[in-house]
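*Asks:* The sequence shown begins at 54 in the numbering used here and counts up by one.
Hints were generated in silico from the structure; no laboratory data involved.
Each hint should be verified, as a subset may be incorrect.
Okay, derived cross-link-like pairs now, PhoX-like style, lysine-lysine, Cα gap no bigger than 20 Å in a straight line [as the list claims (entries may be wrong)]:
#1 K264 - K200
#2 K75 - K108
#3 K200 - K220
#4 K163 - K196
#5 K205 - K123
#6 K163 - K264
#7 K253 - K264
#8 K200 - K163
#9 K242 - K252
#10 K274 - K264
#11 K252 - K264
#12 K274 - K253
#13 K248 - K264
#14 K133 - K108
#15 K133 - K123
#16 K205 - K220
#17 K264 - K196
#18 K249 - K205
#19 K220 - K264
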Amino acid sequence: MKEKTMSFPIKDWNQDDQPREKLLYKGRSMLSDSELIAILIGSGNRDESAVALSKRILNSVDNNLSALGKLSIKQLMLFKGIGEAKAITIAAALELGRRRRGEDALRQKKIISSCSVYELMQPIIGELDHEEFWIVYLNNSNKVIHKSQLSKGGITGTLVDVRLVLKNALEVSATGLILVHNHPSGALKPSEADKKITKKLEVAAISLDIKVLDHVIITEKAYFSFADEALL
Numbered sequence: 054m055k056e057k058t059m060s061f062p063i064k065d066w067n068q069d070d071q072p073r074e075k076l077l078y079k080g081r082s083m084l085s086d087s088e089l090i091a092i093l094i095g096s097g098n099r100d101e102s103a104v105a106l107s108k109r110i111l112n113s114v115d116n117n118l119s120a121l122g123k124l125s126i127k128q129l130m131l132f133k134g135i136g137e138a139k140a141i142t143i144a145a146a147l148e149l150g151r152r153r154r155g156e157d158a159l160r161q162k163k164i165i166s167s168c169s170v171y172e173l174m175q176p177i178i179g180e181l182d183h184e185e186f187w188i189v190y191l192n193n194s195n196k197v198i199h200k201s202q203l204s205k206g207g208i209t210g211t212l213v214d215v216r217l218v219l220k221n222a223l224e225v226s227a228t229g230l231i232l233v234h235n236h237p238s239g240a241l242k243p244s245e246a247d248k249k250i251t252k253k254l255e256v257a258a259i260s261l262d263i264k265v266l267d268h269v270i271i272t273e274k275a276y277f278s279f280a281d282e283a284l285l
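Use the sequences and the hints to build the structure in full.
*Replies:* What follows is the structure, encoded as structure tokens:
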């Protein structure tokens with residue numbers, strides 16, 4: 054007869070092993086990813102502790118938090134002990150982390166290179182499974198004054214309204230534009246449609262003394278810059 058594995062709620066563990074107490078007395082940086090997730094879910098299941106369950110969830114995505122953030126609520130609920138409420142808590146926490154990265158990047162006062170654009174926009178669109186087209190509006194010092202999603206499409210493409218881009222630019226008094234969109238496929242090579250819309254926006258913006266400074270294609274781990282490749 055197989056011996057049943059005993060599990061204990063966090064409150065019954067040695068205090069040094071309790072994630073909440075460890076965070077409180079030793080600081081958040083002392084906790085592993087699995088211990089932080091264990092705090093979120095609070096308890097495990099009949100056969101494993103919250104930390105053990107959290108480790109198993111992380112192992113399923115090779116301990117990659119970005120990959121964990123891509124799991125749907127239904128996928129998270131496939132793990133025994135993870136109901137809808139716990140799945141939503143995990144998803145919400147990871148989304149807050151993603152947004153924090155975006156805010157930290159936005160505090161950058163000046164766009165100095167295509168890498169600056171990648172750091173600004175990758176947390177927002179780099180890991181999406183659909184394509185989005187964004188415009189970053191700059192003042193004459195190349196400082197970010199506004200950024201907005203222009204369109205959202207399927208994985209095969211998206212629509213771009215040139216008039217709306219220029220209308221928004223005038224409203225925020227932008228003198229420079231950076232076009233940004235993601236390729237969910239991971240491919241960095243610009244399509245002919247990418248090149249055409251870049252040229253169309255570049256020509257239209259010139260008449261208003263607004264310059265298209267770059268068009269950056271973003272994937273999860275890399276980017277392609279029209280300016281760097283002398284396509285602008």
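*Asks:* Please go over all the hints and tell whether each is borne out by the structure.
*Replies:* Comparing the hints with the structure gives:
The hinted pair formed by K264 and K200 meets the criterion: a straight-line CA distance of about 16 Å does not exceed 20 Å. With a C-alpha separation of about 17 Å, the suggested pair K75 and K108 falls inside the 20 Å cut-off, and the hint holds. About 13 Å separates the Cα atoms of K200 and K220, which keeps this hinted pair within 20 Å; it holds. For the given pair, K163 sits about 4 Å from K196 by alpha-carbon distance, which is consistent with the 20 Å threshold.
Between K205 and K123, the direct Cα distance comes to roughly 18 Å. Compliance with the 20 Å bound is thereby established for this hinted pair. Taken as a hint, the K163 and K264 pair is honoured in the structure, with Cα atoms around 16 Å apart against an allowance of 20 Å. Of the supplied pair hints, the one linking K253 and K264 holds, its CA atoms being roughly 12 Å apart against a limit of 20 Å. With a C-alpha separation of about 13 Å, the suggested pair K200 and K163 falls inside the 20 Å cut-off, and the hint holds.
The suggested pairing of K242 with K252 holds, with an alpha-carbon distance near 16 Å, which does not exceed 20 Å. Restraint check for K274 and K264: the C-alpha separation of about 28 Å exceeds 20 Å, so the hint is violated. Proximity of K252 to K264 is assessed by CA-CA distance (about 11 Å); at most 20 Å being required, the pair is judged to hold. Taking the CA atoms of K274 and K253, the gap is near 28 Å; set against the 20 Å cutoff, the hint is violated.
About 16 Å separates the Cα atoms of K248 and K264, which keeps this hinted pair within 20 Å; it holds. For the proposed pair K133 and K108, the alpha carbon gap of about 13 Å is at most 20 Å, so the pair holds. Note on K133 and K123: the hinted pairing holds, with a Cα-Cα distance of about 19 Å set against a maximum of 20 Å. The hinted pair formed by K205 and K220 meets the criterion: a straight-line CA distance of about 19 Å does not exceed 20 Å.
Proximity of K264 to K196 is assessed by CA-CA distance (about 14 Å); at most 20 Å being required, the pair is judged to hold. With a C-alpha separation of about 18 Å, the suggested pairing of K249 with K205 holds against the 20 Å cut-off. Between K220 and K264, the direct Cα distance comes to roughly 14 Å. Compliance with the 20 Å bound is thereby established for this hinted pair.
Violated hints, in rising order: 10, 12; the structure is consistent with all others.
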